[in-house]
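Chemist: Sequence order for the protein chains is F and P.
Counting from 1, one number per residue, gives the positions in the first sequence under this note's numbering.
Counting from 1, one number per residue, gives the positions in the second sequence under this note's numbering.
FYI, nobody ran anything at the bench for these hints, they're computed from the structure.
Be aware that one or more of the hints could be misleading.
What the hints assert, rightly or not - Below, a list of computed lysine-lysine pairs in the DSS-like style, where the Cα atoms sit at most 27 Å apart: (1) K110(F) to K2(F); (2) K110(F) to K28(F); (3) K121(F) to K421(P); (4) K421(F) to K121(P).
What the hints assert, rightly or not - Residues from chain P shown here face chain F by an in silico Cβ test under 7 Å; the list is partial: (5) A71; (6) W89; (7) L155; (8) S175.
Every value quoted in this text rests on a predicted model; they were computed, and no experiment measured them.
No residue lacks a Cβ here, since even glycine has one placed at the ideal position from N, Cα and C.
Below, each chain spelled out in residue letters.
There are 2 protein chains.
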Amino acid sequence: MKPAPILIASLLKSESPLPSVLVRGWVKTRRDAKGFSFVELNDGSSLASLQIIVPEGLLGAEGLKDVSTGAALEAEGELAASQGKGQKWELAARRLNVLGPAGPDYPLQKKRHSDEFLREKAHLRARTNKFGAVFRLRSLCSYAVHTFFRDRGFLYVHTPIITGNDCEGAGELFSVTTGRPGGEGGCPKPDSAGAASANASAPADRKGGAAGGGFFGKPAGLTVSGQLEAELLALALGRVYTFGPTFRAENSNTPRHAAEFWMIEPEAAFFDLDDDMDLAEDFVKSVVSTALREGAEDLALFDSFVEPGLVSRLEELLTAGWARIRYSEAVEILSSSKASFDYKPEYGSDLQTEHERFLCDVHFKGPVFVSRYPASIKPFYMRQEEGGTVGAMDLLVPKVGELVGGSQREERMPLLLARMKELGLDPAAYWWYLDSRRWGGAPHSGFGLGFERLLMFLTGVSNIRDVIPFPRTPGNLEF
Amino acid sequence: MKPAPILIASLLKSESPLPSVLVRGWVKTRRDAKGFSFVELNDGSSLASLQIIVPEGLLGAEGLKDVSTGAALEAEGELAASQGKGQKWELAARRLNVLGPAGPDYPLQKKRHSDEFLREKAHLRARTNKFGAVFRLRSLCSYAVHTFFRDRGFLYVHTPIITGNDCEGAGELFSVTTGRPGGEGGCPKPDSAGAASANASAPADRKGGAAGGGFFGKPAGLTVSGQLEAELLALALGRVYTFGPTFRAENSNTPRHAAEFWMIEPEAAFFDLDDDMDLAEDFVKSVVSTALREGAEDLALFDSFVEPGLVSRLEELLTAGWARIRYSEAVEILSSSKASFDYKPEYGSDLQTEHERFLCDVHFKGPVFVSRYPASIKPFYMRQEEGGTVGAMDLLVPKVGELVGGSQREERMPLLLARMKELGLDPAAYWWYLDSRRWGGAPHSGFGLGFERLLMFLTGVSNIRDVIPFPRTPGNLEF
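Next up, chain F with everything else stripped away, as it sits in the complex (with noise of 0.2 Å):
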């Protein structure tokens, strides 16, 4: 009777030499000495391999020539002390079973492969060392954020991905319309008849009906922020938080964007703009704090090959509260410094990339959080404050930039209902956020996140398209 399969990441963790194990994975390399060969075989669960020794004679030369680089294989044989360097045990395989082969056109022979290439193999790159670790950071941050939330009381919501509103009329929406499969490659055809699209200028009717025309009897966009529905979750349930897709459709080819994308947002009733900076303090430690300690194998690969000075870097993070400043004090500084910028600091305008970077890589040489923005550059749910400012923060990190923006929101009606009428927003079409105040209203904030951009933030990749197992960007729908 065959062991039951166990884990690389379990087994390497033994305490002890097991006489019988069956494990299964991909192969790394091989490696053919006297009398034996040498697998290195990974299953996925950990950066680190497990060494099989192989005898010769085992497989045969031709059952041999299928152990090699990408290959699927299971072996079954004892766990003993390693005699080699650089691991405690090794396999002395008695049985090993090609499950898939890889031959020589195997794309991922091991070298150095660039980050573009890899890109075109999305599909495989998972495979790869630094991949494989990005994807396993991916999930034990996610772990992390709920874990967080969750131990702070936080609910975990799910607000709508197909929506009839844009949240802050700040970034371009894909539009959501019905459509007929059998395009190519399995894809939808536009639907002539009854697309909502065709229904664009419809009138919105409250009781819908998709007799009107669309699927949804009127026009449907992607999200581009739960901010809004999480509010009036908020306003009933005291803390929750949303982590779900959202969308844009901006047509940027940057390192910075993609069109599709993870976003934290949080959001909890009787916070101020104080209470919500704390929280986005605290949060972000906290997801570091967890890499650096469930994820330090994975983390040293960033280290040694992506950011040297990486995981020294995160853990000065930790060391002492950050800084926070106001706008206004921003625009002092950036203006006061003897930095050229392209865009000269002056208060009223929003802060370009080149005045974050300057305040949290020069100034500050650390994360800084600013508050307290000129309403006019800032959307309309924003808290207004004396002075023209509202109560708006955003935190800003070495390497990335803008990593957080949160507001503590606008719960006064009237104030509410005279800064829409400046934008020109239709207080109709938001009946059911205002109702939000009318009734029971209070004090809240919250702030978004972007999973992505946290991602980089502890790995150094440079890239969105390489935290992301399959990007979405502009001409790249591939997967």
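Mind docking chain P on chain F? Use the hints.
Modeler: This is chain P only, laid out in the frame that chain F set:
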């Protein structure tokens, strides 16, 4: 100085009186007695509210008027042993401050409201006991999902939402196009110039390029399943799972269907069909068990008001292994039963809802796995077996019907290609999927589970619209 605010759920678990606490929440009810008012305050952290004793004169008759159902307030005082029945603690208020009143026109006055009425008020319904309980359980179960898989070495992966393939060819797709915001209520207007839909017949270019017309250079839709991409990742990382939104553009108004819902899809390398059924059974039992243990207070509400006997039904599920039969046996059971069906059970036809119901509700009186269906009624990717069946399995459960659908996947290239040819699928469109078999392919299995169905099964709630905060169905896009 104010004490730090505390959540009511924590307060109610206090082991001793506390001289000074601060709570914030919404008024459930107020009852006036001689010399005192009794206020039930709920902050969403638990079903149970905190009773606040408000001495006459603290607010005055005028101020007390604002302390009405739905109002947001904060209260400070002493946590003391309750004099009343049904609660251990109460708060003797020394200070009480209404943050946001809710007048007599507040729609959720204390009385029973119909589910239909509350769907129209989805922006407020999380404030009711029932929907608060639904969404707390939703959050609890989400965490249980992540914990279950993490404990078993599964990595959480994010597969694409916007996709160029439709996975099974089953299920109507929504199309995604670029649009210009600015329609009614901030909704996008279709962009007649650059919409991807205008490009539906353009050749799919592997390298893409937005210049080709649409944003992605080829037609795009919303995913119906992350399975195919999860398979790629399982064949690299070993064990993975998705937990994200999926979509169906089916114009069907039933209590069990929504256009947008969250799906959980584990995929495991080296798992066969039996492993897959073991995983599904362990998974459902684990989530049920967590809900019983940590969500007992909320589940009791459903046991009392939605499905009497619910808790016993759930507890019974955990006591024994679940039945497992082959499809052929299922057909025999149905054929030889005396039940009258609208559709005659016949080998080679899909099981109808009435058949599924008979099997689990009447025959097995519990969950049952049905496996090894005829290939002719299943998608191309399922593993072919002798006798014309495939390694598919469905888990049928009382009340809900099909809860899980899974299979062992076809890892053998020639058989996979033959089946695709039979079904008229173009291998070129699936080059990346086929590559995963070409190099290092291995047996693997997975399943999909609709998270909302699981919640319906857990709570007895019979309409999918009542387990999602803001459901999307034909004609419904509000909020």
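Chemist: Just to be careful, I want the Cα atoms of K110(F) and K2(F) compared with a cutoff of 27 Å; is the pair within it?
Modeler: Measuring from Cα to Cα gives roughly 31 Å; hence the hint is violated.
Chemist: Holds or violated: are the alpha carbons of K421(F) and K121(P) at most 27 Å from each other?
Modeler: 25 Å, holds
Chemist: Verify the proposed pairing of K110(F) with K28(F), using a straight-line Cα cut of 27 Å.
Modeler: 7 Å, holds
Chemist: The hint names S175(P) as touching chain F; please verify it with the least Cβ-Cβ distance against 7 Å.
Modeler: 3 Å, holds
Chemist: Does the nearest C-beta of chain F fall within a distance shorter than 7 Å of the C-beta of A71(P)?
Modeler: At about 6 Å, which falls below the 7 Å cut-off, the nearest Cβ of chain F leaves the hint on A71(P) intact, so it holds.
Chemist: Holds or violated: is there a CB of chain F closer than 7 Å to the CB of W89(P)?
Modeler: This interface hint is violated because 18 Å lies over the 7 Å limit.
Chemist: Hint check: is the beta carbon of L155(P) less than 7 Å from a beta carbon of chain F?
Modeler: 4 Å, holds
Chemist: With a cut-off of 27 Å on the C-alpha distance, tell me whether K121(F) and K421(P) pass.
Modeler: 25 Å, holds
In summary, the structure is inconsistent with hints 1, 6 from the numbered list given earlier, while agreeing with the others.
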